[in-house]
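Trainee: Sequence:
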Amino acid sequence: MTRKVLAERYEVQRQLGKQTGRQTLLARDLQTQKLVVIKQLFLGSDFEWQDLKLFEREAETLKALSHPAIPRYLDYLEIDEADSKGFALVQTYVKGKTLEQHLRSGRTFSEIEVKKLAKSLLEILHYLHKQNPPVIHRDIKPSNILLHSRSGHSVGKVYLVDFGSVQNQAAKFGGTITVVGTYGYMAPEQFGGRSVPASDLYGLGATLIYLVTGLHPTELSQQDLKIQFADRVPQLNPNLIDWLEWMTEPSLDKRLSSAGEAWRGLKNARHIKTSPMVVQPSQGRDIKLTKNSEFIEIVIPPPGICFGLIARLSAAVANVTLGRHLFTYILPDLAINILFIIISVFFLSAVGVMFVFALFWEVRLRIDREQISYSIDLLGLRWNHFDSAPRQEIGQLEIEKIEYTSLDTQQNLPKVSQMIIQAGNQKYRLGVKDGLSESEIEWLATELSQWLGLKIKITSTYGGLTRWYL
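All the letters of the sequence shown, read from the start, carry residue numbers 114 to 583 under this note's numbering.
Check before you lean on any hint, since a few could be wrong.
What the hints assert, rightly or not - Straight-line distance between alpha carbons at most 27 Å, and here's what the computed DSS-like set of lysine-lysine pairs gives: (1) K229 <-> K339; (2) K208 <-> K176; (3) K198 <-> K117; (4) K367 <-> K380.
Simulated from the structure, these hints should not be mistaken for lab results.
Work out the full structure: start from the sequences and follow the hints.
Mentor: As C-alpha coordinates, then:
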(Lines of atoms letter the chains of each structure in order from A; the text may use other names.)
(Lines give C-alpha, C1' and ligand atoms only; values in the text may rest on other atoms or scores of the structure.)
Protein backbone atom coordinates (compact mmCIF):
# COMPACT_ATOMS: atom_id res chain seq x y z
CA MET A 114 0.00 0.00 0.00
CA THR A 115 1.45 3.36 -1.06
CA ARG A 116 1.64 5.90 1.75
CA LYS A 117 0.84 9.54 1.22
CA VAL A 118 3.83 11.89 0.99
CA LEU A 119 3.50 15.58 1.83
CA ALA A 120 5.72 18.17 0.09
CA GLU A 121 7.57 15.25 -1.54
CA ARG A 122 9.38 14.74 1.76
CA TYR A 123 7.14 13.63 4.65
CA GLU A 124 5.73 10.12 4.41
CA VAL A 125 2.58 9.81 6.52
CA GLN A 126 2.63 6.83 8.91
CA ARG A 127 -0.63 7.26 10.80
CA GLN A 128 -3.05 9.76 12.25
CA LEU A 129 -2.44 10.84 15.85
CA GLY A 130 -5.48 13.04 16.33
CA LYS A 131 -8.26 14.89 14.57
CA GLN A 132 -10.49 17.88 15.28
CA THR A 133 -12.78 19.98 13.13
CA GLY A 134 -10.62 21.56 10.45
CA ARG A 135 -7.42 20.07 11.90
CA GLN A 136 -5.48 16.85 12.13
CA THR A 137 -2.19 15.66 13.58
CA LEU A 138 -0.09 13.08 11.74
CA LEU A 139 2.94 10.96 12.49
CA ALA A 140 5.25 10.99 9.47
CA ARG A 141 8.76 10.03 8.46
CA ASP A 142 11.16 12.61 7.08
CA LEU A 143 12.54 10.91 3.95
CA GLN A 144 15.65 13.08 4.07
CA THR A 145 16.66 12.36 7.69
CA GLN A 146 14.67 9.10 8.17
CA LYS A 147 13.46 10.46 11.51
CA LEU A 148 9.87 10.49 12.73
CA VAL A 149 8.17 13.87 12.87
CA VAL A 150 4.80 15.28 13.88
CA ILE A 151 2.79 17.27 11.35
CA LYS A 152 -0.07 19.50 12.48
CA GLN A 153 -2.41 20.50 9.66
CA LEU A 154 -4.93 23.33 9.45
CA PHE A 155 -7.40 23.04 6.55
CA LEU A 156 -9.07 25.83 4.62
CA GLY A 157 -12.67 24.66 4.68
CA SER A 158 -16.18 25.91 5.28
CA ASP A 159 -15.52 26.13 9.04
CA PHE A 160 -12.20 27.97 8.66
CA GLU A 161 -11.75 31.15 10.70
CA TRP A 162 -8.95 33.66 10.32
CA GLN A 163 -8.36 33.60 14.07
CA ASP A 164 -7.45 29.90 13.73
CA LEU A 165 -4.79 30.76 11.16
CA LYS A 166 -3.49 33.54 13.37
CA LEU A 167 -3.01 31.13 16.27
CA PHE A 168 -1.52 28.49 13.96
CA GLU A 169 1.06 30.92 12.59
CA ARG A 170 1.84 32.16 16.07
CA GLU A 171 2.50 28.59 17.21
CA ALA A 172 4.95 28.14 14.33
CA GLU A 173 6.73 31.43 15.03
CA THR A 174 6.91 30.64 18.75
CA LEU A 175 8.38 27.17 18.26
CA LYS A 176 10.89 28.57 15.78
CA ALA A 177 12.19 30.95 18.47
CA LEU A 178 12.34 28.35 21.27
CA SER A 179 15.10 25.91 22.07
CA HIS A 180 14.46 23.69 25.06
CA PRO A 181 14.97 19.91 25.39
CA ALA A 182 11.48 19.47 26.86
CA ILE A 183 9.68 21.35 24.08
CA PRO A 184 9.15 19.96 20.52
CA ARG A 185 11.49 21.69 18.05
CA TYR A 186 10.28 23.54 14.98
CA LEU A 187 11.36 21.87 11.72
CA ASP A 188 9.30 23.19 8.82
CA TYR A 189 6.22 25.16 7.76
CA LEU A 190 4.28 24.16 4.65
CA GLU A 191 1.49 25.46 2.47
CA ILE A 192 -0.63 22.57 1.24
CA ASP A 193 -2.27 23.00 -2.14
CA GLU A 194 -3.66 19.65 -3.20
CA ALA A 195 -6.78 18.65 -5.04
CA ASP A 196 -8.44 17.18 -1.94
CA SER A 197 -7.01 19.51 0.71
CA LYS A 198 -5.72 23.04 1.02
CA GLY A 199 -4.22 24.61 4.08
CA PHE A 200 -1.07 24.84 6.16
CA ALA A 201 1.16 22.38 8.00
CA LEU A 202 3.60 22.75 10.90
CA VAL A 203 6.35 20.13 11.16
CA GLN A 204 8.02 19.51 14.52
CA THR A 205 10.12 16.87 16.25
CA TYR A 206 8.37 13.73 17.44
CA VAL A 207 8.37 12.88 21.14
CA LYS A 208 7.62 9.27 21.95
CA GLY A 209 5.59 8.84 25.09
CA LYS A 210 2.14 8.85 26.68
CA THR A 211 0.27 11.86 27.96
CA LEU A 212 -0.66 12.29 31.61
CA GLU A 213 -4.27 11.94 30.51
CA GLN A 214 -3.53 8.52 28.99
CA HIS A 215 -1.70 7.40 32.12
CA LEU A 216 -4.60 8.44 34.35
CA ARG A 217 -7.22 6.82 32.14
CA SER A 218 -5.25 3.57 32.18
CA GLY A 219 -5.41 3.55 35.98
CA ARG A 220 -1.87 4.70 36.75
CA THR A 221 -1.43 6.62 39.97
CA PHE A 222 1.24 9.08 41.03
CA SER A 223 2.89 9.20 44.45
CA GLU A 224 3.52 12.45 46.29
CA ILE A 225 7.21 12.26 45.37
CA GLU A 226 6.32 11.80 41.68
CA VAL A 227 3.90 14.73 41.80
CA LYS A 228 6.65 16.98 43.17
CA LYS A 229 9.16 15.78 40.55
CA LEU A 230 6.62 16.39 37.82
CA ALA A 231 5.88 19.86 39.22
CA LYS A 232 9.60 20.68 39.30
CA SER A 233 10.12 19.63 35.67
CA LEU A 234 7.13 21.62 34.42
CA LEU A 235 8.08 24.68 36.46
CA GLU A 236 11.51 24.59 34.82
CA ILE A 237 9.84 24.60 31.40
CA LEU A 238 7.50 27.45 32.38
CA HIS A 239 10.40 29.42 33.81
CA TYR A 240 12.12 29.16 30.44
CA LEU A 241 8.98 30.24 28.56
CA HIS A 242 8.11 33.12 30.86
CA LYS A 243 11.61 34.61 30.81
CA GLN A 244 11.49 35.06 27.03
CA ASN A 245 11.22 38.62 25.76
CA PRO A 246 8.30 39.06 25.55
CA PRO A 247 7.16 36.24 27.90
CA VAL A 248 5.61 33.22 26.16
CA ILE A 249 2.40 32.02 27.83
CA HIS A 250 1.22 28.53 26.94
CA ARG A 251 -2.41 29.14 28.05
CA ASP A 252 -3.44 25.48 27.85
CA ILE A 253 -1.56 23.54 30.53
CA LYS A 254 -3.48 20.29 31.06
CA PRO A 255 -2.82 16.52 31.33
CA SER A 256 -3.27 15.84 27.60
CA ASN A 257 -0.56 18.39 26.75
CA ILE A 258 2.07 16.85 29.02
CA LEU A 259 4.02 13.85 27.73
CA LEU A 260 6.04 11.40 29.81
CA HIS A 261 8.83 9.47 28.11
CA SER A 262 10.51 6.42 29.71
CA ARG A 263 8.19 6.39 32.74
CA SER A 264 8.64 3.19 34.73
CA GLY A 265 8.07 2.11 38.31
CA HIS A 266 8.44 5.13 40.58
CA SER A 267 10.27 7.18 37.96
CA VAL A 268 8.37 9.98 36.26
CA GLY A 269 10.75 9.82 33.31
CA LYS A 270 11.37 12.73 30.96
CA VAL A 271 8.67 15.38 30.94
CA TYR A 272 7.65 17.28 27.79
CA LEU A 273 5.23 20.14 27.27
CA VAL A 274 3.51 19.99 23.87
CA ASP A 275 0.76 21.67 21.81
CA PHE A 276 1.52 25.36 21.63
CA GLY A 277 -1.63 26.02 19.60
CA SER A 278 -3.00 28.38 22.25
CA VAL A 279 0.27 30.18 22.88
CA GLN A 280 0.37 33.94 23.36
CA ASN A 281 3.15 36.38 23.98
CA GLN A 282 2.37 39.42 26.06
CA ALA A 283 3.21 41.73 23.18
CA ALA A 284 0.31 40.33 21.14
CA LYS A 285 -2.52 42.76 20.53
CA PHE A 286 -6.04 41.82 19.51
CA GLY A 287 -7.49 45.26 18.90
CA GLY A 288 -11.03 45.28 20.20
CA THR A 289 -11.39 41.49 20.10
CA ILE A 290 -11.32 39.35 23.24
CA THR A 291 -9.79 35.94 22.55
CA VAL A 292 -10.66 33.22 25.09
CA VAL A 293 -8.34 30.25 24.66
CA GLY A 294 -7.83 27.29 26.97
CA THR A 295 -9.63 24.29 28.43
CA TYR A 296 -12.43 24.64 30.96
CA GLY A 297 -11.34 23.38 34.37
CA TYR A 298 -7.70 24.32 33.76
CA MET A 299 -8.25 27.93 32.72
CA ALA A 300 -7.53 30.62 35.27
CA PRO A 301 -10.48 32.99 35.89
CA GLU A 302 -8.72 35.90 34.17
CA GLN A 303 -8.52 33.89 30.91
CA PHE A 304 -12.30 34.02 30.61
CA GLY A 305 -11.88 37.75 30.15
CA GLY A 306 -9.22 37.30 27.48
CA ARG A 307 -6.33 38.14 29.81
CA SER A 308 -3.32 35.83 30.21
CA VAL A 309 -0.23 36.33 32.37
CA PRO A 310 2.52 33.91 33.54
CA ALA A 311 0.46 33.14 36.64
CA SER A 312 -2.29 31.84 34.33
CA ASP A 313 -0.01 28.94 33.39
CA LEU A 314 0.64 28.28 37.08
CA TYR A 315 -3.10 27.92 37.63
CA GLY A 316 -3.28 25.36 34.80
CA LEU A 317 -0.37 23.44 36.30
CA GLY A 318 -1.95 23.49 39.76
CA ALA A 319 -5.28 22.22 38.39
CA THR A 320 -3.42 19.49 36.48
CA LEU A 321 -1.64 18.31 39.64
CA ILE A 322 -4.94 18.35 41.54
CA TYR A 323 -6.26 15.96 38.88
CA LEU A 324 -3.24 13.74 39.52
CA VAL A 325 -3.66 13.57 43.30
CA THR A 326 -7.47 13.20 43.30
CA GLY A 327 -8.04 11.25 40.09
CA LEU A 328 -10.87 13.70 39.32
CA HIS A 329 -11.13 16.33 36.60
CA PRO A 330 -11.28 19.82 38.18
CA THR A 331 -14.86 20.24 36.92
CA GLU A 332 -15.86 17.18 38.98
CA LEU A 333 -14.75 18.89 42.19
CA SER A 334 -16.89 21.41 44.03
CA GLN A 335 -15.94 25.08 44.28
CA GLN A 336 -16.26 27.67 47.02
CA ASP A 337 -15.81 31.28 45.89
CA LEU A 338 -14.22 29.91 42.68
CA LYS A 339 -11.66 27.93 44.72
CA ILE A 340 -11.30 24.25 43.82
CA GLN A 341 -12.26 22.18 46.89
CA PHE A 342 -10.06 19.08 46.88
CA ALA A 343 -8.33 18.83 50.28
CA ASP A 344 -10.96 16.48 51.72
CA ARG A 345 -10.27 14.05 48.84
CA VAL A 346 -6.58 13.65 49.72
CA PRO A 347 -6.31 13.29 53.54
CA GLN A 348 -3.09 11.31 53.08
CA LEU A 349 -1.34 14.17 51.26
CA ASN A 350 1.20 16.36 53.05
CA PRO A 351 -0.60 19.53 54.26
CA ASN A 352 2.21 21.68 52.84
CA LEU A 353 1.64 20.24 49.36
CA ILE A 354 -2.11 20.78 49.71
CA ASP A 355 -1.48 24.38 50.72
CA TRP A 356 0.88 24.87 47.75
CA LEU A 357 -1.71 23.52 45.29
CA GLU A 358 -4.33 25.83 46.80
CA TRP A 359 -1.84 28.69 46.40
CA MET A 360 -1.26 27.77 42.74
CA THR A 361 -5.00 27.76 42.01
CA GLU A 362 -6.02 30.91 43.86
CA PRO A 363 -8.74 32.56 41.73
CA SER A 364 -7.37 36.01 42.54
CA LEU A 365 -4.15 37.00 40.77
CA ASP A 366 -3.19 39.06 43.82
CA LYS A 367 -3.17 35.95 46.00
CA ARG A 368 -1.78 33.42 43.50
CA LEU A 369 1.88 32.61 43.02
CA SER A 370 3.11 34.98 40.32
CA SER A 371 6.11 33.25 38.73
CA ALA A 372 7.55 29.78 38.14
CA GLY A 373 10.56 30.68 40.29
CA GLU A 374 8.37 31.76 43.16
CA ALA A 375 6.27 28.61 42.75
CA TRP A 376 9.39 26.41 42.90
CA ARG A 377 10.60 28.14 46.07
CA GLY A 378 7.12 27.71 47.56
CA LEU A 379 7.17 24.00 46.74
CA LYS A 380 10.55 23.49 48.43
CA ASN A 381 9.77 25.62 51.46
CA ALA A 382 6.29 25.78 52.94
CA ARG A 383 5.02 29.34 53.08
CA HIS A 384 5.07 30.99 56.47
CA ILE A 385 1.57 30.80 57.83
CA LYS A 386 0.60 33.23 60.54
CA THR A 387 -0.87 31.23 63.39
CA SER A 388 -1.28 34.00 65.93
CA PRO A 389 -4.72 33.67 67.49
CA MET A 390 -7.41 36.07 66.43
CA VAL A 391 -9.07 37.37 69.59
CA VAL A 392 -12.45 38.98 70.15
CA GLN A 393 -13.48 40.73 73.32
CA PRO A 394 -17.04 39.70 74.14
CA SER A 395 -19.21 41.53 76.63
CA GLN A 396 -18.36 39.04 79.36
CA GLY A 397 -14.74 40.24 79.23
CA ARG A 398 -13.30 36.92 78.06
CA ASP A 399 -10.90 36.34 75.17
CA ILE A 400 -12.18 33.70 72.76
CA LYS A 401 -9.17 32.52 70.75
CA LEU A 402 -9.44 31.43 67.13
CA THR A 403 -6.36 30.06 65.38
CA LYS A 404 -6.73 29.37 61.67
CA ASN A 405 -4.30 28.41 58.91
CA SER A 406 -4.20 25.98 56.00
CA GLU A 407 -3.57 23.00 58.31
CA PHE A 408 -6.10 23.45 61.10
CA ILE A 409 -8.68 25.67 62.74
CA GLU A 410 -8.95 25.73 66.53
CA ILE A 411 -11.41 27.47 68.83
CA VAL A 412 -10.54 27.86 72.50
CA ILE A 413 -13.26 29.10 74.85
CA PRO A 414 -11.74 30.19 78.19
CA PRO A 415 -13.39 29.68 81.57
CA PRO A 416 -16.41 31.93 82.15
CA GLY A 417 -14.96 33.27 85.42
CA ILE A 418 -16.74 34.15 88.63
CA CYS A 419 -20.04 35.82 87.90
CA PHE A 420 -22.88 37.23 89.98
CA GLY A 421 -24.87 33.99 89.62
CA LEU A 422 -22.07 31.93 91.10
CA ILE A 423 -21.66 34.29 94.05
CA ALA A 424 -25.43 34.12 94.58
CA ARG A 425 -25.24 30.32 94.68
CA LEU A 426 -22.46 30.47 97.29
CA SER A 427 -24.47 32.88 99.40
CA ALA A 428 -27.54 30.66 99.09
CA ALA A 429 -25.55 27.59 100.13
CA VAL A 430 -24.18 29.32 103.23
CA ALA A 431 -27.66 30.61 104.09
CA ASN A 432 -29.19 27.15 103.69
CA VAL A 433 -26.57 25.53 105.90
CA THR A 434 -27.05 28.18 108.62
CA LEU A 435 -30.83 27.97 108.43
CA GLY A 436 -30.72 24.19 108.58
CA ARG A 437 -28.65 24.29 111.75
CA HIS A 438 -31.19 26.53 113.48
CA LEU A 439 -34.15 24.40 112.35
CA PHE A 440 -32.70 21.13 113.56
CA THR A 441 -31.61 22.60 116.93
CA TYR A 442 -35.15 22.13 118.25
CA ILE A 443 -35.61 18.51 117.23
CA LEU A 444 -32.17 16.86 117.42
CA PRO A 445 -29.52 16.58 120.16
CA ASP A 446 -26.36 18.66 119.85
CA LEU A 447 -24.17 15.78 118.62
CA ALA A 448 -26.58 14.81 115.85
CA ILE A 449 -26.95 18.45 114.88
CA ASN A 450 -23.22 18.88 114.59
CA ILE A 451 -22.82 15.73 112.47
CA LEU A 452 -25.72 16.68 110.20
CA PHE A 453 -24.42 20.23 109.96
CA ILE A 454 -21.02 18.96 108.86
CA ILE A 455 -22.54 16.65 106.23
CA ILE A 456 -24.80 19.38 104.83
CA SER A 457 -21.97 21.90 104.86
CA VAL A 458 -19.62 19.57 103.04
CA PHE A 459 -22.28 18.74 100.44
CA PHE A 460 -23.34 22.30 99.67
CA LEU A 461 -19.90 23.87 99.85
CA SER A 462 -18.31 21.08 97.78
CA ALA A 463 -20.89 21.54 95.06
CA VAL A 464 -20.30 25.27 95.00
CA GLY A 465 -16.53 24.69 95.17
CA VAL A 466 -16.71 22.49 92.10
CA MET A 467 -18.64 25.25 90.33
CA PHE A 468 -15.89 27.73 91.27
CA VAL A 469 -13.19 25.39 89.92
CA PHE A 470 -15.08 24.95 86.66
CA ALA A 471 -15.71 28.69 86.42
CA LEU A 472 -12.02 29.48 86.88
CA PHE A 473 -10.30 26.62 85.03
CA TRP A 474 -12.79 24.91 82.66
CA GLU A 475 -11.59 25.48 79.07
CA VAL A 476 -13.34 24.17 75.93
CA ARG A 477 -11.27 23.38 72.82
CA LEU A 478 -12.69 22.52 69.37
CA ARG A 479 -10.08 21.63 66.74
CA ILE A 480 -10.40 20.53 63.10
CA ASP A 481 -7.36 19.59 61.05
CA ARG A 482 -6.82 17.74 57.77
CA GLU A 483 -7.55 14.39 59.44
CA GLN A 484 -10.14 14.79 62.18
CA ILE A 485 -12.40 16.93 64.34
CA SER A 486 -12.00 16.78 68.12
CA TYR A 487 -13.74 18.41 71.08
CA SER A 488 -11.85 18.39 74.37
CA ILE A 489 -11.98 19.87 77.86
CA ASP A 490 -8.99 21.30 79.72
CA LEU A 491 -9.23 21.44 83.52
CA LEU A 492 -6.26 22.22 85.77
CA GLY A 493 -3.78 20.94 83.19
CA LEU A 494 -5.75 17.77 82.45
CA ARG A 495 -7.35 17.25 79.05
CA TRP A 496 -9.90 14.70 77.96
CA ASN A 497 -12.13 14.30 74.90
CA HIS A 498 -15.66 15.42 75.64
CA PHE A 499 -16.83 13.70 72.43
CA ASP A 500 -15.24 10.98 70.33
CA SER A 501 -13.13 12.32 67.47
CA ALA A 502 -14.46 11.89 63.92
CA PRO A 503 -12.72 11.87 60.51
CA ARG A 504 -12.50 15.30 58.88
CA GLN A 505 -14.09 14.05 55.63
CA GLU A 506 -17.27 13.05 57.52
CA ILE A 507 -18.12 16.67 58.32
CA GLY A 508 -21.18 17.31 56.19
CA GLN A 509 -23.20 20.06 57.82
CA LEU A 510 -22.73 23.27 59.80
CA GLU A 511 -25.85 24.55 61.55
CA ILE A 512 -26.89 27.41 63.81
CA GLU A 513 -29.93 26.48 65.89
CA LYS A 514 -31.98 29.32 67.36
CA ILE A 515 -34.83 28.64 69.75
CA GLU A 516 -37.00 31.37 71.29
CA TYR A 517 -39.58 30.28 73.82
CA THR A 518 -42.85 32.06 74.51
CA SER A 519 -44.53 31.91 77.90
CA LEU A 520 -48.11 30.63 77.56
CA ASP A 521 -49.17 32.51 80.67
CA THR A 522 -47.76 35.95 79.89
CA GLN A 523 -47.30 35.65 76.10
CA GLN A 524 -43.87 37.18 76.62
CA ASN A 525 -40.73 36.05 74.82
CA LEU A 526 -38.23 34.32 77.08
CA PRO A 527 -34.45 34.45 76.49
CA LYS A 528 -33.20 32.79 73.28
CA VAL A 529 -31.26 29.55 73.31
CA SER A 530 -28.71 29.35 70.48
CA GLN A 531 -26.02 26.88 69.57
CA MET A 532 -23.76 25.93 66.67
CA ILE A 533 -23.82 22.28 65.57
CA ILE A 534 -21.18 20.56 63.46
CA GLN A 535 -22.46 17.28 62.02
CA ALA A 536 -19.71 14.71 61.38
CA GLY A 537 -21.20 11.32 60.50
CA ASN A 538 -23.40 10.34 63.46
CA GLN A 539 -21.58 12.68 65.84
CA LYS A 540 -22.75 16.20 66.67
CA TYR A 541 -20.37 18.76 68.13
CA ARG A 542 -22.11 21.66 69.86
CA LEU A 543 -20.96 25.09 71.01
CA GLY A 544 -23.45 27.53 72.43
CA VAL A 545 -24.89 29.39 75.36
CA LYS A 546 -24.03 26.47 77.64
CA ASP A 547 -20.38 27.33 76.98
CA GLY A 548 -20.98 30.96 77.85
CA LEU A 549 -21.18 32.17 74.24
CA SER A 550 -23.39 35.02 73.14
CA GLU A 551 -25.44 34.84 69.95
CA SER A 552 -23.06 37.18 68.10
CA GLU A 553 -20.08 35.04 69.13
CA ILE A 554 -21.80 31.90 67.89
CA GLU A 555 -22.48 33.53 64.52
CA TRP A 556 -18.90 34.80 64.27
CA LEU A 557 -17.39 31.36 64.99
CA ALA A 558 -19.82 29.69 62.58
CA THR A 559 -18.79 32.11 59.81
CA GLU A 560 -15.09 31.35 60.37
CA LEU A 561 -15.76 27.60 60.31
CA SER A 562 -17.90 27.96 57.19
CA GLN A 563 -15.08 29.68 55.31
CA TRP A 564 -12.45 27.17 56.42
CA LEU A 565 -14.56 24.07 55.76
CA GLY A 566 -16.14 25.36 52.56
CA LEU A 567 -19.63 24.63 53.93
CA LYS A 568 -22.73 26.78 53.88
CA ILE A 569 -24.37 27.57 57.22
CA LYS A 570 -27.82 26.10 57.75
CA ILE A 571 -29.88 28.20 60.16
CA THR A 572 -32.75 26.58 62.04
CA SER A 573 -35.01 29.08 63.79
CA THR A 574 -37.75 27.94 66.15
CA TYR A 575 -40.18 30.57 67.45
CA GLY A 576 -43.34 29.77 69.37
CA GLY A 577 -43.20 26.14 68.20
CA LEU A 578 -42.79 27.03 64.50
CA THR A 579 -39.51 25.97 62.90
CA ARG A 580 -37.94 27.57 59.79
CA TRP A 581 -34.81 26.52 57.90
CA TYR A 582 -32.46 28.86 56.04
CA LEU A 583 -29.27 28.34 54.06
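Trainee: It remains to establish, for every hint, whether it holds in the given structure.
Mentor: To see whether the hints hold, each was checked on the structure:
no., hint, verdict
1, K229 <-> K339, "24 Å, holds"
2, K208 <-> K176, "21 Å, holds"
3, K198 <-> K117, "15 Å, holds"
4, K367 <-> K380, "19 Å, holds"
Of the hints listed earlier, there is not a single one the structure fails to meet.
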